[in-house]
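Visitor: Model the full structure from these sequences, guided by the hints.
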Amino acid sequence: MKTVLHTVPLVLAGLLLSACSLAPTYVRPASPVAADWPAPAGIAANGQAAHDIRWQDFFQDEKLKQVIAIALEHNRDLRVATLNIERARALYQVQSADRLPTLNAGLSGARQRLPDSVAPGGRGGVNSSYTAGVGVTAFELDLFGSVRNLSQAALERYAATEEAQRAAQISLVAEVASVYEAVLADERLLALSQQTLASRTESHQRQIAMRQQGASSEYDLRQSESLLQAARAAQAQASRQRALDENALTVLAGRPLPPELLPAQGASWDSKAMAELPAGLPSELLTSRPDIRRQEALLRAANANIGVARAAFFPRITLTGAFGSSSDELSGLFDAGSRSWSFLPQISLPIFDGGRNRANLNVARADKDIAIAQYDKAIQVAFREVADALAGRATLGEELDAVKAQESAEQVRYDLARQRYDAGQSSYLEYLDAQRSLFSAQQQTIRTNLAELQNRIVLYKALGGGWRGGAA
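Residue numbers (this note's numbering): 3 to 474.
Possibly wrong hints are sitting among the right ones.
Claimed, not checked - Okay, the calculated beta carbon distance ranges per label pair: (1) I353 with T27: 23 to 31 Å; (2) P117 with F354: 43 to 51 Å; (3) D337 with S98: 39 to 47 Å; (4) A375 with Q413: 22 to 30 Å; (5) F354 with E75: 55 to 63 Å; (6) F354 with L116: 36 to 44 Å; (7) A425 with Q207: 19 to 27 Å; (8) V136 with P258: 52 to 60 Å; (9) S228 with A266: 31 to 39 Å; (10) A375 with D38: 21 to 29 Å; (11) R367 with S98: 58 to 66 Å; (12) S228 with L85: 23 to 31 Å.
Unchecked claim - No farther apart than 25 Å at their CA atoms in a straight line, the calculated lysine to any residue pairs in the SDA-like style are these: (13) K67 with L93; (14) K379 with A277; (15) K406 with D435.
If you are wondering where the hints come from, they were derived from the structure by calculation, not from laboratory data.
Quick caveat: nothing in here was measured; it's all calculated off a predicted structure.
Even glycine gets a Cβ: it sits at the ideal position worked out from N, Cα and C.
Guide: The following block contains the structure:
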């Protein structure tokens with residue numbers, strides 16, 4: 003018996019060490035995008051890579067940093083992504099446990115009475131038996147890597163959930179920053195509309211007085227009233243949009259924000275509010291974008307599942323064994339000579355399954371092809387997002403300079419039109435047209451400024467901003 007007990011562990015160790023895997027060798031698919039960004043999008047500043055720049059270093063606005071920190075702590079979507087990691091980790095631990103034997107201890111007792119008619123030798127009575135010991139039940143020898151590949155697939159899915167959480171974190175940082183800048187733009191648009199409304203109210207009151215004195219026409223009065231009502235509508239729209247964006251920011255933050263963290267009325271934009279970013283090469287996206295790494299982890303999981311499906315065609319060996327003590331008296335359960343053991347190996351070989359194993363293998367191969375397509379799509383989407391943001395960077399700066407110059411020109415035009423109207427050298431219609439054009443140019447400057455800032459945020463996110471430098 004001692005020889006058997008000493009031999010079994012050695013046999014198990016040898017079989018486990020000789021186990022092979024039937025999963026295909028993983029090879030990363032070729033990138034489905036070009037080796038460089040399309041011109042002129044490739045023009046980029048030199049500097050630290052986006053994925054190495056923490057969001058705390060990328061954004062310079064201290065209030066915005068505090069809002070982002072609150073969102074990272076309280077946002078519910080990010081909380082779900084974090085809990086998904088914990089769930090995937092637990093599932094991996096469950097799957098990995100199958101690679102080791104499960105050892106159980108047991109204690110049992112039984113009493114049985116047999117009548118003389120069925121008892122051996124015709125001598126009936128009450129029989130007792132007691133057993134105590136430890137044992138292994140149906141432990142599978144992973145000769146063909148089925149259990150190992152199941153564990154590997156679970157590990158890759160766990161890695162995928164970690165990457166999904168990182169992607170959610172980067173997206174949350176970018177979305178909070180984008181909405182925060184939108185609230186700042188709303189404040190400026192609201193202040194502009196209030197200023198314009200006050201100016202047009204004064205102008206309209208002046209027209210009413212002039213009309214009463216017969217110095218103005220009904221047409222000029224109605225033109226003045228029309229512009230006044232347009233200014234009222236613009237103020238209401240700006241006020242509504244600010245409320246909507248502030249509500250969105252509150253939801254992203256996961257809790258109401260202190261008033262002192264919200265953009266104050268009249269707050270100005272800083273042209274150096276965000277760090278400059280180099281574009282790098284498209285190939286760098288494979289390691290800098292968590293969503294791409296997530297898809298590759300799922301692809302590796304699908305690759306491992308092919309090994310599981312292939313292993314189903316080969317014999318399956320399970321071992322059941324126990325070692326302990328047995329006695330017909332409870333008091334003698336652990337006496338000398340009461341030792342007992344059992345060793346029950348079992349092998350099963352699939353002969354006919356109606357094509358089930360073949361179908362499962364086809365499913366696993368199809369799942370891998372799907373995972374490859376999803377991986378390719380993730381790369382293509384990332385390439386487009388970066389290329390679009392780079393195209394925006396190449397043109398939005400020029401556009402912003404142009405609209406600022408236009409606003410300056412409209413301001414001069416308005417001042418001249420007012421002087422000419424006050425001097426009686428031009429019509430009221432010419433003055434109103436200059437006033438309307440100036441208001442439109444001022445609005446466009448604010449909106450273009452917002453678009454330029456939000457494009458910087460989009461580029462930071464598209465380049466995998468902050469994940470390696472510590473996104474949290």
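Visitor: Does each hint fit the structure? Answer for all of them.
Guide: Status of each hint after checking the structure:
1. The hinted range of 23 to 31 Å is satisfied by I353 and T27, whose Cβ atoms lie roughly 30 Å apart.
2. At roughly 46 Å, the beta-carbon separation of P117 and F354 lies within the given 43 to 51 Å, and the hint holds.
3. Between D337 and S98, the C-beta spacing of about 40 Å keeps the proposed range 39 to 47 Å intact.
4. The hinted window of 22 to 30 Å between A375 and Q413 is violated, with their beta carbons roughly 55 Å apart.
5. Distance hint check for F354 and E75: the Cβ-Cβ separation is about 58 Å, which falls inside the suggested range of 55 to 63 Å.
6. With their beta carbons about 43 Å apart, F354 and L116 fall inside the hinted range of 36 to 44 Å.
7. A C-beta distance of roughly 21 Å is found between A425 and Q207, which places it inside the suggested range of 19 to 27 Å.
8. Our hint of 52 to 60 Å for V136 and P258 holds, since their Cβ atoms are close to 58 Å apart.
9. Distance hint check: the CB atoms of S228 and A266 are about 32 Å apart, consistent with the given range 31 to 39 Å.
10. A beta carbon spacing of about 24 Å between A375 and D38 agrees with the range 21 to 29 Å that was offered as a hint.
11. Separation of R367 from S98 is about 25 Å and departs from the stated range, judged on CB atoms against 58 to 66 Å.
12. Separation of S228 from L85 is about 56 Å and departs from the stated range, judged on CB atoms against 23 to 31 Å.
13. Of the pairs offered as hints, the one joining K67 and L93 is violated, with about 35 Å between alpha carbons and a cut-off of 25 Å exceeded.
14. Distance hint between K379 and A277 is unfulfilled; the C-alpha atoms sit about 29 Å from each other, more than 25 Å.
15. Taking the CA atoms of K406 and D435, the gap is near 19 Å; set against the 25 Å cutoff, the hint holds.
Going down the numbered hints, you'll see the structure goes against 4, 11, 12, 13 and 14, while the others check out.
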